[in-house]
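A.B. asks: Please build the complete structure, drawing on both the sequences and the hints.
Protein chains: 2
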Amino acid sequence: MAVINTQIRLASRPAGFPDASNFRIERAPVPELKDGEVLVQNHVLSLDPYMRGRMNEARSYAAPVALGDVMIGGTAGEVIASKNPAFAVGDKVVGSFGWQEYGVSDGQGLKKVDGKLPLSVYLGAVGMPGVTAYIGLYDIGEPKEGETVVVSAAAGAVGSVVGQLAKLRGCRAVGIAGGKEKCDYVVRDLGFDACVDYRSSSFVDELRAATPNGVDVNFENVGGPVMDAVLSQLNTFGRVPLCGLVSQYNATEPYPLPNVAALLWKRIKLQGFIVSDRMDRWPQALADLSAWVAEGKIRYHETIAHGIEGAPEAFFGMLRGKNLGKQIVKLV
Amino acid sequence: MAVINTQIRLASRPAGFPDASNFRIERAPVPELKDGEVLVQNHVLSLDPYMRGRMNEARSYAAPVALGDVMIGGTAGEVIASKNPAFAVGDKVVGSFGWQEYGVSDGQGLKKVDGKLPLSVYLGAVGMPGVTAYIGLYDIGEPKEGETVVVSAAAGAVGSVVGQLAKLRGCRAVGIAGGKEKCDYVVRDLGFDACVDYRSSSFVDELRAATPNGVDVNFENVGGPVMDAVLSQLNTFGRVPLCGLVSQYNATEPYPLPNVAALLWKRIKLQGFIVSDRMDRWPQALADLSAWVAEGKIRYHETIAHGIEGAPEAFFGMLRGKNLGKQIVKLV
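Protein chains in written order, with my numbering: chain Y, 1 to 332; chain H, 1001 to 1332.
Source of the hints: derived by calculation from the structure; they are not laboratory data.
Errors might be hidden in some of the hints.
[Claimed, not checked] The calculated lysine to any residue pairs, modelled on SDA-like cross-linking and capped at a C-alpha distance of 20 angstroms, are:
1. Y/Lys83 to Y/Lys144
2. Y/Lys144 to Y/Asn213
3. H/Lys1266 to Y/Ile274
4. H/Lys1266 to Y/Asp139
5. Y/Lys266 to H/Tyr1050
6. Y/Lys266 to H/Pro1256
7. H/Lys1266 to Y/Asp277
8. Y/Lys330 to Y/Thr6
9. H/Lys1266 to Y/Ser247
10. H/Lys1266 to Y/Asn56
11. H/Lys1180 to H/Thr1303
12. Y/Lys322 to Y/Ser247
13. Y/Lys266 to H/Thr1303
14. H/Lys1266 to H/Gln1233
15. H/Lys1266 to Y/Asn213
[Unchecked claim] Just some of the chain H residues that point at chain Y, by a computed CB distance under 7 angstroms:
16. Ser1021
17. Leu1245
18. Pro1254
19. Pro1256
20. Asn1259
21. Val1260
22. Arg1267
23. Ile1268
24. Lys1269
25. Leu1270
26. Gly1272
27. Phe1273
Using N, Cα and C, we set each Cβ at its ideal position, and we do this for glycine too.
C.D. replies: Written out as structure tokens, the structure reads:
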């Protein structure tokens, strides 16, 4: 009896904010495995802001998803059939099978994990978002003890790790998030020193009050006016790891950086990066993150949607900031 | 008989482009030397774009020149009297005496030079502008053999060295300058591979044609639309040492950076710097530059004004880009 695989494919490219019409559900039997191939049942799918960029035709980090293709995405699951000697049935694996219930692979890009932590964690704090936080903060932000680190989207999968890594380095960690619930979570559950609600009418004043010694590292996930506010608080020799611009992903006009001269006279380093540029740093980052999560030094929260058909709605919610912590779709 | 010292002092702060009314000439006898002091007759005064920033009250790199104070500036000259055992009459010295004919110092910040090269060179290619080029290009720009380096204000004191340093590193060096005379000088006399006239109506197309493999390092001296054009040509992992924004120094409204998203998806590093941040690098930079100038590997040109009273007009000319190479005021 053939296994039926439900997939979400890109049906059309969005103009502005995406909607359900941009996706198409398809069901097809899983093909027979060839020699060297592995069949994985995906248990969890990761939803991340970068996916919005891949829906555009325009040049972004990487090639766009082609019309009609399965939406890309990180997945974690279990090997349920194998014609590849490197993988056995029952192995827990992380891969990039995208928005579908099953995936077939020749083993390339498939990584076995020990499974000591819940599988979803390998898509979050001990996965791509965690490594993004680690590389962006430690390698580009280079925070020193006693400095102030500000991170936007602080309740998200990356931002929540950034602030905790900053605390581990002896820094003051200040988050920016949308709404009281998220800000409370960031301070109470994650241990940030402060969190400022960017929706507040006195946001700029509150940010100033939360950063009495200015800002040394601005880990930027959001862009737009929130970024402007943090940049204006930057100290001389401040660093800006530019990780994301989620406020801009659905914008049809680019948002400019208002004050280039300040970058000069404050001698700011602003550097765009993506985590796949630095594959050499992944092993160390994953080892550290895995240990710190196991020791409870890094905590995480997940917002969980159920079933592959729920992925588009969960994705829209994440782009609107409705998730707290990592947005996951549970498939099993 | 007292020596009379002619000085140019800041009389008022400019709104927009400065004019003669912002300066005041003063003549006063040189004071009697105290123990430990040195009297220097300045032979040459350096005029540089950063001085415009110091005329403003607004925060810049450093403290502004106070109203009524002598305008700041690098000088080179000769010790003509000394009550400091570290300096003898006849010593050639580089200092920061500003816009005046004589200076008294306790020796701090005064640096003896061997005088093998003309004194003005220690204010140019083997001085602050040369070290600025060296640190900005080599330490922040990190050019690799075969890469393309673009530098704006290419006929200026810093830009002219940047392109030649790029050639020494095995790069393609492309200058941007205003007018055919400067562009010809940059290519024929300095050995750049190409130079594009930013005043040309087809500037953007010409820049594109001059950088067929894109741009890896944009050494930025100018800002504004010229910078936009180069940024749009940047390759993935491009570096932007942000050295100056001379097009903006007289602007009353800041000019924004139009496309922050491109910095992210191209993973650009944009870093503001000033040469005094890295004093530890000066000895190596000066040793290299001095050798390369002596060997003819780095060439330079000077635009020379005569007499301290001519400094303001020469300064206005430099801000308008009328100089070719280093703008010097000869005082002796």
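A.B. asks: Hint by hint, say whether it matches the structure.
C.D. replies: Hint check:
Taking the CA atoms of Y/Lys83 and Y/Lys144, the gap is about 49 angstroms. The hint is violated against a cut of 20 angstroms. For the hint linking Y/Lys144 to Y/Asn213, the alpha-carbon distance of about 14 angstroms falls within 20 angstroms, and the restraint holds. Of the pairs offered as hints, the one joining H/Lys1266 and Y/Ile274 holds, with about 9 angstroms between alpha carbons and a cut-off of 20 angstroms not exceeded. Only pairs whose Cα atoms come within 20 angstroms are accepted, and H/Lys1266 paired with Y/Asp139 is accepted, the gap being roughly 18 angstroms.
Between the alpha carbons of Y/Lys266 and H/Tyr1050 the distance comes to roughly 14 angstroms, so the proposed pair stays at or under 20 angstroms and holds. The hinted pair formed by Y/Lys266 and H/Pro1256 meets the criterion: a straight-line CA distance of about 16 angstroms does not exceed 20 angstroms. For the given pair, H/Lys1266 sits about 11 angstroms from Y/Asp277 by alpha-carbon distance, which is consistent with the 20 angstroms threshold. Distance hint between Y/Lys330 and Y/Thr6 is fulfilled; the C-alpha atoms sit about 14 angstroms from each other, no more than 20 angstroms.
For the given pair, H/Lys1266 sits about 18 angstroms from Y/Ser247 by alpha-carbon distance, which is consistent with the 20 angstroms threshold. This hinted pair checks out: H/Lys1266 and Y/Asn56 have alpha carbons roughly 16 angstroms apart, not beyond 20 angstroms. Simply put, H/Lys1180 and H/Thr1303 have alpha-carbon atoms about 17 angstroms apart, close enough for the 20 angstroms limit, and the pair holds. Of the supplied pair hints, the one linking Y/Lys322 and Y/Ser247 holds, its CA atoms being roughly 14 angstroms apart against a limit of 20 angstroms.
Restraint check: the Cα-Cα separation between Y/Lys266 and H/Thr1303 comes to about 31 angstroms, which exceeds 20 angstroms; the hinted pair is violated. The straight-line distance between the Cα atoms of H/Lys1266 and H/Gln1233 is roughly 11 angstroms, inside the 20 angstroms bound, and the hint therefore holds. The hinted pair formed by H/Lys1266 and Y/Asn213 fails the criterion: a straight-line CA distance of about 32 angstroms is larger than 20 angstroms. Because the closest C-beta pair between H/Ser1021 and chain Y is about 25 angstroms apart, greater than 7 angstroms, the hint is violated.
This hint holds: H/Leu1245 has a C-beta 6 angstroms from the nearest C-beta of chain Y, less than the 7 angstroms allowed. Against a cut-off of 7 angstroms between C-beta atoms, the interface hint on H/Pro1254 holds, since the closest Cβ of chain Y lies about 5 angstroms away. At about 4 angstroms, the closest approach between the beta carbon of H/Pro1256 and any beta carbon in chain Y falls short of 7 angstroms, and the interface hint on this residue holds. At its closest, the beta carbon of H/Asn1259 sits 5 angstroms from a beta carbon of chain Y; the interface hint therefore holds under the 7 angstroms criterion.
Using the Cβ-Cβ criterion of 7 angstroms, the hint placing H/Val1260 at the interface with chain Y is satisfied: the shortest such distance is roughly 5 angstroms. Interface hint at H/Arg1267: satisfied, since its Cβ lies 5 angstroms from the closest Cβ of chain Y, which is below the 7 angstroms cut-off. For H/Ile1268, the shortest C-beta to C-beta distance to chain Y is roughly 5 angstroms, which falls under 7 angstroms, so the interface hint holds. A cut of 7 angstroms between beta carbons decides the hint on H/Lys1269: the least distance to chain Y is about 4 angstroms, and the hint holds.
Evaluation of the H/Leu1270 hint against chain Y yields a held restraint, the C-beta minimum of about 5 angstroms falling below 7 angstroms. This hint holds: H/Gly1272 has a C-beta 4 angstroms from the nearest C-beta of chain Y, less than the 7 angstroms allowed. A cut of 7 angstroms between beta carbons decides the hint on H/Phe1273: the least distance to chain Y is about 5 angstroms, and the hint holds.
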